[in-house]
Amino acid sequence: MSHAFLGGALVAAQLLLVLGMACALLRMLRGPRAQDRVLALDAFYVNAMLLLLTVGLRSDSVLYVEAAMIIALLGFAGTLAFAKFLLRGEVIE
Amino acid sequence: MRRWLPHPLMAGFLLLVWLLMRGSLAPGDWLLGGALALGLAWAFGKLQPPRARLRQPWRLLPLALRVVYDIVRSNLAVAGVVLRPRWRGRSGFVAIPLELEDPYGLALLACIVTSTPGTIWVDHDPVRRVLLIHVLALADEAIWIDTIKRRYERPLLEMFQ
Amino acid sequence: MSLIEALPPWAAVLVGVLVLLGAGFACVGSLGLLRLRNFYRRVHAPTLGSTLGTFFMVAACVVAFSLAQGRPALQVLLIGVFLTLTTPITLMLLVRAALYRNRVEDGQSLAAPEPGDDE
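Chains as they are written, first to last, in the numbering used here: chain A, 1 to 93; chain B, 1 to 161; chain C, 1 to 119.
Hints listed in this document are in silico derivations from the structure and should not be mistaken for laboratory results. Hints may contain errors.
Okay, derived cross-link-like pairs now, DMTMM-like style, lysine to aspartate or glutamate, Cα gap no bigger than 25 Å in a straight line [said to hold, decoys possible]:
#1 A:Lys84 <-> B:Asp125
#2 B:Lys149 <-> B:Glu99
#3 B:Lys46 <-> B:Glu99
#4 A:Lys84 <-> C:Glu105
#5 A:Lys84 <-> B:Asp123
Based on the provided sequences and hints, a complete structural model is requested.
Here you go:
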């Protein structure tokens, strides 16, 4: 019974996270400014990282945790680079 | 001691990260992690960071608990703002005069303000000593100035200045 | 589904609740990206996912993997550490970039914006 609950909770959590990713994606497409898109990209990868953790829980593999860690670090570096680029004020939209 | 271990806190943190990542306490991990931590702490010293003077470090604990409590509370508040069908609150910038000048104290304050949903650090003017933050649910500027100064700046002043 | 079946019933319920809470906060945060009206308001939303959203999910992973493997699985904690260290930096830099771009475009001086509403 409680295991069925956990299985259902994991699926529901994955749906919620995919919904979150969809929201971020929509904001990324809509803009309107470049900073909105970068912010949405940041939220997108955080959601993707959490989704990887739920996949790891479902498939009993710590490997996904390591992948999530790499996403967390690379996503940070990527967003930082974008923000720095915007700070130069030389992006033509 | 200072010569061989110039940044003990940094080296300790790096060693901890290494051991957590490896998930084991085998002698080889201590050795490799220790070597990496020493090397990286030495490289960190080459960046010539300003010296931190932290008085009464145990005071960090009540501050951390307070920040965790505030993060939970403002998480719920921001979730409420997002989920309410028609939210018509004000939001805007608030200017806060600061007494804190230590770079590490300011960095910690920046992390606290930004990590708490609903408030974000925008700009700090070191000459006029004014901090500018943006607040999502801004009812009254005076309350926010008072909150930041009393809840966070006071303990940071006591520790860093 | 071996990990799920290896958990004792109380832990299965606990992990399920934690996972739902974490995903819920992350989802509400991303929803805020769509629903809030201007950039400075939207900046506040994703913090939900990177604070409580990540906290609950990391807690669920620590409980589940520790019980399933029979020894503490603490490397998941590093994700929380990294995110709490990095999120403030990205957000602050993004806000500053937005401020800079707005000022350059409006042809205003590079003075600080006036306190008050952001409309």
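25 Å limit on alpha-carbon distance, applied to hinted pair Lys149 (chain B) and Glu99 (chain B): Distance of about 9 Å is within 25 Å: holds.
Satisfaction of hint between Glu99 (chain B) and Lys46 (chain B), Cα-Cα up to 25 Å: 30 Å, violated
Distance restraint between Lys84 (chain A) and Asp125 (chain B), which requires alpha-carbon spacing of 25 Å or less: 20 Å, holds
Hinted pair Lys84 (chain A) and Asp123 (chain B), Cα distance within 25 Å: 16 Å, holds
Holds or violated: Lys84 (chain A) to Glu105 (chain C), with C-alpha atoms at most 25 Å apart: 17 Å, holds
Hint compliance for this structure: hint 3 is the single one not met.
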